[in-house]
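Student: Protein chains in written order, with my numbering: chain A, 606 to 934; chain B, 606 to 934; chain C, 606 to 934; chain D, 606 to 934.
Treat the hints as calculated values from the structure; they're not laboratory data. Being a predicted model, the structure only gives us computed values, none of them experimental. Check each hint, because a few of them may be wrong.
A pair counts as met if it fits within one copy or between any two copies, since identical chains are not told apart.
[Said to hold, decoys possible] List time: in silico DMTMM-like cross-link candidates among lysine to aspartate or glutamate, alpha-carbon distance up to 25 Å:
id : residue 1 : residue 2
1  : K689      : E856
2  : K646      : E706
3  : K847      : E837
4  : K689      : E850
5  : K646      : E924
6  : K913      : E698
7  : K665      : D776
8  : K665      : D710
4 protein chains.
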Amino acid sequence: MLVFTGGIGLVQHIGVLTSGGDAPGMNACVRAVVRMAIYRKVKISGIMRGYAGLLAGEMKPMDLGSVGDIIHRGGTLLRTARCKEFYEPEGQERGARRLQEAGIDGLVVIGGDGSFRGAQALMRHGISVIGIPGTIDNDIPGTDYTIGFDTAVNTVLDAINKIRDTATSHDRTNVIEVMGRRAGHIALLSGLAGGAESILVPEVPFDVDVVCARLMRGHNRGKLHSIILVAEGVGSAVELGKQIEQKTGLETRVTILGHIQRGGSPTATDRIWASQMGSRAVDLLLAGKSGLMLGVRRGELVEVALDKAMTERHGLDQELYQLAGILSI
Amino acid sequence: MLVFTGGIGLVQHIGVLTSGGDAPGMNACVRAVVRMAIYRKVKISGIMRGYAGLLAGEMKPMDLGSVGDIIHRGGTLLRTARCKEFYEPEGQERGARRLQEAGIDGLVVIGGDGSFRGAQALMRHGISVIGIPGTIDNDIPGTDYTIGFDTAVNTVLDAINKIRDTATSHDRTNVIEVMGRRAGHIALLSGLAGGAESILVPEVPFDVDVVCARLMRGHNRGKLHSIILVAEGVGSAVELGKQIEQKTGLETRVTILGHIQRGGSPTATDRIWASQMGSRAVDLLLAGKSGLMLGVRRGELVEVALDKAMTERHGLDQELYQLAGILSI
Amino acid sequence: MLVFTGGIGLVQHIGVLTSGGDAPGMNACVRAVVRMAIYRKVKISGIMRGYAGLLAGEMKPMDLGSVGDIIHRGGTLLRTARCKEFYEPEGQERGARRLQEAGIDGLVVIGGDGSFRGAQALMRHGISVIGIPGTIDNDIPGTDYTIGFDTAVNTVLDAINKIRDTATSHDRTNVIEVMGRRAGHIALLSGLAGGAESILVPEVPFDVDVVCARLMRGHNRGKLHSIILVAEGVGSAVELGKQIEQKTGLETRVTILGHIQRGGSPTATDRIWASQMGSRAVDLLLAGKSGLMLGVRRGELVEVALDKAMTERHGLDQELYQLAGILSI
Amino acid sequence: MLVFTGGIGLVQHIGVLTSGGDAPGMNACVRAVVRMAIYRKVKISGIMRGYAGLLAGEMKPMDLGSVGDIIHRGGTLLRTARCKEFYEPEGQERGARRLQEAGIDGLVVIGGDGSFRGAQALMRHGISVIGIPGTIDNDIPGTDYTIGFDTAVNTVLDAINKIRDTATSHDRTNVIEVMGRRAGHIALLSGLAGGAESILVPEVPFDVDVVCARLMRGHNRGKLHSIILVAEGVGSAVELGKQIEQKTGLETRVTILGHIQRGGSPTATDRIWASQMGSRAVDLLLAGKSGLMLGVRRGELVEVALDKAMTERHGLDQELYQLAGILSI
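Next up, chain A with everything else stripped away, as it sits in the complex (with noise of 0.2 Å):
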């Protein structure tokens, strides 16, 4: 484990980035490193389009109204992108260059965990890093939650509140697929909070014909409409629809919701701990800790070595899921 620890004062310049999938929350966050950074009295740098703007030495310095009026805003002001040339060695060693030749010795990279992998490079090269899970998917393992990932959750149920008028008047099947690759937690609390009857997650097998079952189950009840929830990780919901159709005859629309997930005016949730985690992010690099990414367990702010970050998997809430499965009989 790397975790480096020296005197207060040792971090004279903080760089912050943000890197991979942008997430609502992620602004409110540069804005809390930024500020906490100027009321510390510490130089702070603003690294734009992650790791590729690094090696491209897109840098500028941040003053307290460089991030005014950008709490509210989704997406992020540092903007995104990958960067295939900061997986190799060399790159790394570059970016790494450019980081000491700007004065910078303390880096905040926001992210997932593809770029804490790149912050353990440029520590490796002396550098300073305190990573902070970004992500709407809250897939990081090694924290209960990541920023964006409320906001999500929101936009979800906001779409399956309007899905559910028009099922009502119809009688209806609606699938709507969510993000999640590797991960429903996306899926599992909007499913629950929306009342979905069926919600479908890479982490639990599932069968087509246990899904018409409940469908044809609440439907001979007099249910008025059904909606599935389906993390994209799980298979095609266009082909699930198709599937449900045949099987059951009851007619069936499918939604994707797609990149309306990534964005919106971030919820308070993530407005707050992103807020939290950026000001604390700086008093970490100024107590001269690294390697370190912040994370949220049991309802309080702690600190995970970024290794650590790289490996436990965050598993799916079973309990939540189970609950999920029993209201919306």
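Keeping the supplied structure of chain A fixed, place chains B, C and D upon it in accordance with the hints.
Tutor: Quick look at chains B, C and D alone, frame taken from chain A:
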């Protein structure tokens, strides 16, 4: 043209039904029909599930409270359904008999042009009928506006706002498929209002190479994202997204909004027109009128002969289409 | 009436400013002015903070990118301010000189009737001017619609929806104060669309005893809640709430929506009219027109002489007012 | 401490009521109680209008369909009311008798601490009771979270977003009064998440001169607007606005959000905790438990003795309060 004009008091008992696809604002319209009928001291009954419910005899008397607390809800409390049986003369005759047995001599039909054809058939059996255009697609001849259209456009707009957040962060092209099998009204208005780079509608032929050239021009000028609105009548958005990605090399994402567009609490515009149309329909029936559809022309409520509403196409606003092109350069 | 008509190409350099209270959709309008000017290959400058900024010389050339990503934002990127100095002839003369020094010979003024008086003064100094009505109150003579009105009405509607939830649970009367010092348009349309039991506006005298009698009638019939919309021009909502509580004994709560009504992402309607008006204003200036305000009449874009826009009142729609009363029984 | 523990199956018939101020998520909680009871094959009845309805004998058996389509609605379908009679021993005894007559031996009370005092009284008459904290104020001792709080904070946040639009355009100070008579939780969280310049809460004494000095500092630095969040327990926002305007000379506007904060479709967080608490309450009763309140501590569902919930204050998060101050410099 079938327009009967009789004396006041001709109609003793009004029925109201919603038919075809549901649309936000239908509840506000039903409320207006019911309350105006009660205000005019005429009997009023709700018929469930459109013509299907009519044939099945699913009717119930409505009082003031029966339409309380529904003005703000999407969908239709009377529900709606397709009814193949009612396409046939026997079905239509049976429907008319059902009404006569219940003593209903005036009918308000809220729905699309298919629904109005059914209404005309009932008229031939002596029922007075008034049609009210309700469909999110705004594709009914004889009126510039249909109930639900304004809500649907604003729902799409909200989706565009969200996608814009993430598109800006990523330098991406987003293709958004919206409703509109025969007509591009939703795509045009939401695309213009959302600042979409390209709007593809069934009414205007397009060349994917021109779309791509436009994309590249914006991209080369430094645009951080592009949004392409596609009406479903134009073809598969998924297919189009693939083509664009291949031809331009720009990362492209596809969203299919689907039935989200039918739901949601209706906008003020939809509720107000719905209220005006519903109450006017009652007064027309009480004035002995029949065979008319209510519509909006040049911002005012108008009466159109139902058979005209069957034939005259309501074309795309070409000026707006060109304006959208100019403003999104 | 001051309407100069010259040859095409008369105007070489257009300025645009927003003045008076801001309104959602102003950004969409500024965007349309700027982009249409660029499309027509004429120079375009933005003037900050209305006439105050004009006197202070706060102007800057606008390019395509300067109005990117603003169509969906509330407020006005050009900002706005009051300017007492500009009420005086010397101020107006100095303003005209500022424009002439900058080479600006055509001006688009987006704002209320006070702003148009300033525009007329500039016209007398040889500047071509086109006015665009922008204010949430919809109280500008000569047009049925002003930019921002549709958004404000929908914002109030959203508040009514929320209050309805809790009012129904509690058997309560809610008094909601909305904007409208001189005019009750916001109160009327949101009240009708929101199903308010009573709507109090400056245009129609009211008797608090009649309001209370109506409340009690609904209450005795079993209504679970009542909502009373009050335009601020009518008097203190807090005071009214107290009176109602005393006279009826019904628990009464007061909400003052205040400046929430000025904000929010503009609706489709506001963005589309704003876009049409902004682009038309440019074309009018380029056609040598001046002294005109754009407006909406019977659902169509019209040109109105500015001095007419100063005098003719745009009255409350009495038919809608009566309809609201009938439907909320 | 009153905690009875008996054998499984002790409780044969569960009643559920909502009491005190309503809160978004109460419906999701009632749904969970009803459906879990049915799943566990125990009888379940809904009691209308809290203790008032209990005394009046307003109860009805609930089935699966009775809580269909309510998870997304604000308010409470069981309604709520104040009941002075139930404060007295005779009233409480009568309430217990009503339950016993109906065969109800277990009761789930969703509400605030006042409601729990009533529940304790019923317990003394042999009814098993479980309390669930439901109030937007989040001021119930023994739990970090109450149902409705997350929705209320997000509703205030949405209002701040809207006000920010117009404040930025105008260079204005906005004072927003939010709920919280005894506690500043809503003000603190929405103020932190909304980037408010100052947050005034009952728990922290404030000096209006310090607030003004802070405002002027921001203003002089070029801030275009300032937002001050005020919990109602602090005093009149209208009065405060006047003082600020006098002392700073800055244009100041006041908004009183009022009962908007109680309404709206509940957020995912509120629906999920509500679902978990509701279903757990049933299981506790069936396990022979009584005299407990469910709560959330460190992100997990916990059981707290009801009498503890009456006494221990849930204080303001001082760290968050300071963070808000630092980040809004």
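Student: Hint by hint, note whether the structure agrees.
Tutor: Status of the hints after comparison with the structure:
no. : hint          : verdict
1   : K689 <-> E856 : between (45 Å within a copy, 15 Å between copies)
2   : K646 <-> E706 : within (21 Å within a copy, 45 Å between copies)
3   : K847 <-> E837 : both (16 Å within a copy, 18 Å between copies)
4   : K689 <-> E850 : between (42 Å within a copy, 19 Å between copies)
5   : K646 <-> E924 : between (46 Å within a copy, 20 Å between copies)
6   : K913 <-> E698 : within (23 Å within a copy, 58 Å between copies)
7   : K665 <-> D776 : between (56 Å within a copy, 20 Å between copies)
8   : K665 <-> D710 : within (15 Å within a copy, 39 Å between copies)
Hint compliance for this structure: every hint is met.
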